[in-house]
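Protein sequence lines, in the order shown, are assigned to chains A and B. One point on numbering: in the numbering used here, the residue at position 77 of the first sequence is 77, and numbering is uninterrupted. One point on numbering: in the numbering used here, the residue at position 18 of the second sequence is 1018, and numbering is uninterrupted.
The hints are simulated quantities; they were obtained by calculation from the structure and are not laboratory data. Treat each hint with caution, since some may be false.
Straight-line C-alpha distance at most 20 angstroms; calculated EDC-like pairs for lysine to aspartate or glutamate [said to hold, decoys possible]:
(1) A:K29 x B:D1466
(2) A:K122 x B:E1190
(3) B:K1416 x B:E1086
(4) B:K1416 x A:D33
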Amino acid sequence: MEVKFTKSHEWIRIEENTATIGITDYAQKELGDIVFVELPEAGDNLIQGQQFATIESTKAAAEVYAPLSGEVLELNAALSDNPQLVNESPQSQGWMVKVRIRDVSQLQSLLDEDAYKDFIGKENK
Amino acid sequence: MNREIIFNKSVPGRKSSFLNECGVSFEDIKQFIPARFLRERLEFPSLGELDVVRHYINLSKLNFSVDANFYPLGSCTMKYNPKLNEDLAGIKEFGSIHPYQDQDLVQGALKLVYDLGKVLCAVTGMSRFSFQAAAGAQAELAGLLIIRAYHNLNKNSRSKVIIPDSAHGTNPATASMCGYDVVVVKSTPEGLVDVDELSKVVDDDTAAIMLTNPNTLGLFEERILDISDILHKKKAFLYYDGANFNPLMGVVDPFSMGFDVIHLNLHKTFSTPHGSGGPGVGALGVIDKLKEFLPVPVVDKKNDVYFFNYELRNTIGRVKAFYGNFLVLVKAYAYILRLGRQGLKRVAENSVLNARYIKEKLKNHYKAVSLKACMHEVVFSCEHQRDNGVSVLEIAKRLIDFGIHPPTIYFPLIVKEALMVEPTETESKETLDHFISAMKEINSEIQFSPQKFKYAPFTTPVRRVDETAAARSPDLRWKKTGG
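Extracted from the complex, chain A is given alone in its bound form (with noise of 0.2 angstroms):
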């Protein structure tokens, strides 16, 4: 099992053909309390880099990009009563979907771990 972590503050752990994906504690820390998640419809599509859900906290209105491409095979119904689980445990229960990856090429240009923290230390300065 493996975790990876885009610049646009995703993270995706990986089981063989299946991503799990759910934004990172550095990105629930800077939209603050969550209060609203708008996920897609399971058997819809993502593609890499667009938007596939919405995060309202009581900040900002922000959007979810799709790490990898890939049907979604199922979603986190539990954040739609409670968004909060969002913020109080983004990389386990606050998932939000499980995709089956379509390229697993698109693998590569992902973050690890490392290169992740080191990118949100830059983005701080």
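Assemble the complex: chain A is given as a structure, and chain B must be docked to it using the hints.
Relative to chain A, chain B alone:
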């Protein structure tokens, strides 16, 4: 004071008996209205007249308004509205006319609409205005529909609209609603549009750029003429979001900056009431070659007779029923005539002076986002205060205890812990000094008693509101308990 809602104050049998018993029998009503639409009881509270008067008078005393307190919200000009505007809009010859009235009976009202259009053309350099849209966002939508119609008519359809990352949220929403793809251009570290980046993304598929100038950081886009060249060379348009027009009135006009389509929020810049959902007016202005695309009807004049003209060749059609919010136009027109050309310019100059005064007095206490001179609003980043344990949200809440409405916070999105202040032109030096000293006092409280901020405000009838809980599980409807 008893702050129960009025239904809970009801006392069975108490009433204000100013209505006589109805002398007509309602027995037959069931013949005309299906039983499922009829109710046996109306759940009106039973109260005496004085109970009702005190209830509402006391509620009104809880209002926080610009008529009572300083209201320095940024990015949306929330200015004081002179009472003369209200007096004139209250004249019964304006207030009692009906949209179905014959045009020859409302010549005065039509003349006002016509003349207001002419005056706004003079202020902005545009060729013609439409007053149908009821808000800035609606005017934006109509404006982009005009741009799309123009390109389509010329068999030159385009798919992209460019928007700076500091833009008002309505801009990308409008572009997206019109079916355009939104392309975001980053700002330079100074907070202006990155013109080099812009020139890379503008191409033959670009329909327009949507800009507000000064931008939401309160900075004048100095390279606006370069931006205009880049877009116009590709036959794309410049759309001006007039939400920040206040500091430019009478100083520079949008046409000279290269804009082709603009909206002015009459309920911001031109001092008609703002907030609580309107009524507002998004005055939509266009350059000469787009005149025939405006929504219909527009008011025209022939042989000294004013009339509604429905015959614009390429009109995008109606965007609202009837003729827009007419009484708002009366207020804006009164404001403009009262000030005149020189007065409007003084408004602009004072709005800038007031913001710069605040910036200079506070820049050693709060980090100013840009070193450049600001226009009508100034943005601070309260990152340093957050590192000391107090968020900008808590600073805003504490300001209420000083009798000051919280400024805009967490916007623009590109600024961390943003606090945005727009004092507007009408505030006196004493008021500005009060705000400045409140902000300084808050800053020293942060150093000595940061824990206090968790509970502010302390002086309001309702203390800290749980906004997160309200947004996560809104309770939108009162339900009768018991009985």
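Status of each hint after checking the structure:
For the hint linking K29 of chain A to D1466 of chain B, the alpha-carbon distance of about 18 angstroms falls within 20 angstroms, and the restraint holds. Using a Cα cut-off of 20 angstroms, the hinted pair K122 of chain A and E1190 of chain B holds, with the two alpha carbons roughly 18 angstroms apart. At most 20 angstroms may separate the alpha-carbon atoms for a hinted pair to count; K1416 of chain B and E1086 of chain B exceed this at roughly 40 angstroms. With a C-alpha separation of about 16 angstroms, the suggested pair K1416 of chain B and D33 of chain A falls inside the 20 angstroms cut-off, and the hint holds.
Violated hint for the displayed structure: number 3, the only one.
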